[in-house]
Amino acid sequence: MAIYFQFWKDMIRQVLIGPRIYYIWLGFLGVLMLIGSAGYYYQLRNGLIVTNMSDQISWGAYIANFTYIVGLAAAAVMLVIPAYVYKIKAMKEITLIGELFAISAIVMCLMFVTVDMGRPDRFWHLIPKLGRMNWPISMLSWDVIVLNGYLLINLHIPGYLLYKKYRGQPPTDAYYMPFVIISVFWAVSIHTVTAFLYAGLGGKPFWNSAVVAPRFLASAFAVGPSFILLTLQIIEKYSSFKVEHEVYRVLKRIIAVSLLINLFLLASEVFKEFYTDSAHSASAKYLFTGIDGYVLLVPFIWTAIVLNVVATVIYASPQWSRGMRNVNIASVCAIVGIWIEKGMGLIVPGFVPSPLGTIVEYSPSLVELAVCLGIWATGFFVFTLLLKAALPIEIGTVRHREENWEFPRSSSWP
Amino acid sequence: MTQEKFTQRPSRLVEKKLQEKLPRREFLKGMIAATGVAAAVSLGTKDAGASALSDFFKSAFFQKHYKEMTPDEKKVVLARLEKETRERYGVEVKIGDPPPLDGVEFAYFLNLQKCIGCRRCVYACVAENNQSRDPQIQYIKVLEMPEGSLDVDEGEIFYDHEKVPQPGKFYMPVQCHQCSDPPCTKVCPVEATWKEPDGIVVIDYDWCIGCRYCEAACPYEARRFNFTEPQIPKDEINPNQSYLSNRIRPRGVMEKCTFCLHRTREGRYPACLEACPTGSRKFGNLLDPKSEVRAILETKRVFVLKEDLKTHPHFYYFFG
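If you read the sequences in order, they're chains A and B.
Per the working numbering, the very first residue in the first sequence carries number 1; after that it's consecutive.
Per the working numbering, the very first residue in the second sequence carries number 1; after that it's consecutive.
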């Protein structure tokens, strides 16, 4: 037990000390978090009226970001599969980073759901047994369960492995491998459940499509690894953690395939909507071409498509994807492009036109933007702290040291 | 004995403590602690946030789901809600809780040939059900439709003419259809909304967490969200209220048409029907073979909106 406390103490010490750039980065995130908190406080005082959401468009930036980030969390699995299923040793070293990334992403998800609630004080109604959870009928209750379960799994695996490493002992497979296997399926489930949240609504034809879940997974498996690819380079720059070339090669391949599938699924949806051209295609029409002069989303979706195509072309071309610089550009394009596609391109048009045919447009208010920014900053903050604590243990610079005398093991012991 | 719920615990413990005869010293200790808390609370009351916090600890936070409350607990809650309305609005109101009647399944019929689109129903509803006036919340939407179409996308909600009806148009009011298979209750993560035995879909405003998933799921746009504290002039508050229908809603929760269940469960008509000058609205018990609504169902050309979604509404349109 004492060693366990020492482990935490050492990690906290790691988090508190660091080079100047580390403090500057945390300070910068801290300022953004303060801005976000101010926005949220204002929202709590005045109600959700300070957002631009309405009875017609009842979900906006918060739920859009939530949907996107669930995908980021799910993407950790794209590191776990090559590492543990295909047994690529180099990947095994970085699964830790993927899991810490997943933890930060879920923290953001939970925050986004909370800020979207009209009555956050009643959160306990969602807790099984205490409240009255509508399980298994409501997809939202499934979401609560799978997200929190995923958080626990991703706290357990790296926590256990780090502790073992800290003590200089080999980990016992039985204590974490079953969870690794579960996490693979669980990761797919979190994004599938989120997709079913939308796909299950018969009254919203734009969402009521079987391709929503596959599209979510494809885009998530492009964006998540893209984030990790960029993160790894930053980690390499600022720490002595070394990433093998093999890792980048595997990540690139995953992103390339995911981007291609994502684009193909998008094309399938567009074909179905525009070739059929029924009354059910009104939302798609609003999104891609605008209806009756309402064109707010049109520039967004075309920007997203251009970014996605650029990212896919770079990644799919063996020549262009060779250098790290091109790949980084393509990753940023994918991250931004898919973020637009999930938010302005999926959540908002689902509500337009409304079920009774009214067209109301939506773009987030300043308060919503501030709160979103604050939550993103919190996610990066958490991720930074987690990495700061975990990497030294992973590298081996922080280890448990016996302060007592060594227990003699020779036969001379009386 | 059934297992005690977490939410019941605090109130039981308080009751137990009150019943015990306290030794003098304990009593004094308690007094000192209570004074401390009271001082802290009174210091904080200047701030709306802190006063909300103290309210929260008083009881509302721990209130149980409507379906789990005993009759006695309901009485306490109703009394508290009446007191809150008195404190906030300075109005004496009576909040009841009429139960669904046996052998009754309510249905609404709307004669499209007679409706002239005057929207008197909309405003009667707002007045009857204590909806917020600013921003104004309306349960009924009247669609101005071009003749020859039943596609709601062709309809116009924001029409504003000197005179109605306009030539070449007909009018289609839409409100909660009280579906038999409601998508809204299905998606609610906390069972804050459900269908009552008389076919009315209700909301426990004190249990709703404000996630707005039901609003996204409703194909009839029947749900309204309290984006801010409802504003109702004091002299316009309807004092005849009930827990599941027209009591003044808190901020951050859903609300919707309940077929005026505080009236209809007592044998009266909904407010929108009484306000209608043309008699286009018909309301009654579908299970009563001699009722007017059954006669309409059996003799008129009746249809429902968005039948393909299989929501099986209790709200029908007819011609004639």
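Take these hints with a grain of salt, some might be off.
Unchecked claim - Now the stretches of chain B that chain A is said to cover, found in silico as 3 or more residues with beta-carbon under 8 angstroms:
no., stretch
1, 79 to 86
2, 145 to 155
3, 219 to 231
Said to hold, decoys possible - Derived DSSO-like pairs: lysine-lysine, alpha-carbon spacing no greater than 27 angstroms straight-line:
no., chain 1, residue 1, chain 2, residue 2
4, A, Lys92, A, Lys285
5, A, Lys388, A, Lys252
6, A, Lys87, A, Lys272
7, B, Lys74, A, Lys129
8, A, Lys252, A, Lys9
9, A, Lys237, A, Lys129
10, A, Lys285, B, Lys306
11, B, Lys310, A, Lys285
12, B, Lys94, B, Lys186
13, A, Lys129, B, Lys306
14, A, Lys87, A, Lys165
15, A, Lys89, A, Lys164
16, A, Lys129, B, Lys83
17, A, Lys164, A, Lys272
18, B, Lys163, B, Lys186
19, A, Lys272, B, Lys310
20, A, Lys129, B, Lys300
21, A, Lys92, A, Lys388
22, A, Lys129, B, Lys310
23, B, Lys83, B, Lys186
24, A, Lys165, A, Lys388
25, B, Lys83, B, Lys114
26, B, Lys300, B, Lys310
27, B, Lys74, B, Lys94
28, A, Lys129, B, Lys75
29, A, Lys272, A, Lys252
30, A, Lys92, A, Lys272
31, B, Lys169, B, Lys186
32, A, Lys242, A, Lys9
33, A, Lys272, B, Lys306
Calculated directly from the structure, the hints in this document are not laboratory data.
Being a predicted model, the structure only gives us computed values, none of them experimental.
All C-beta atoms in this analysis are idealised placements derived from N, C-alpha and C, irrespective of residue type, glycine included.
Exercise for the section: Determine which of the earlier numbered hints do not hold for this structure and return their numbers in increasing order. Expected result: Hints 1, 4, 6, 8, 9, 12, 13, 16, 17, 18, 20, 22, 23, 25, 29, 30 and 31 not satisfied by this model.
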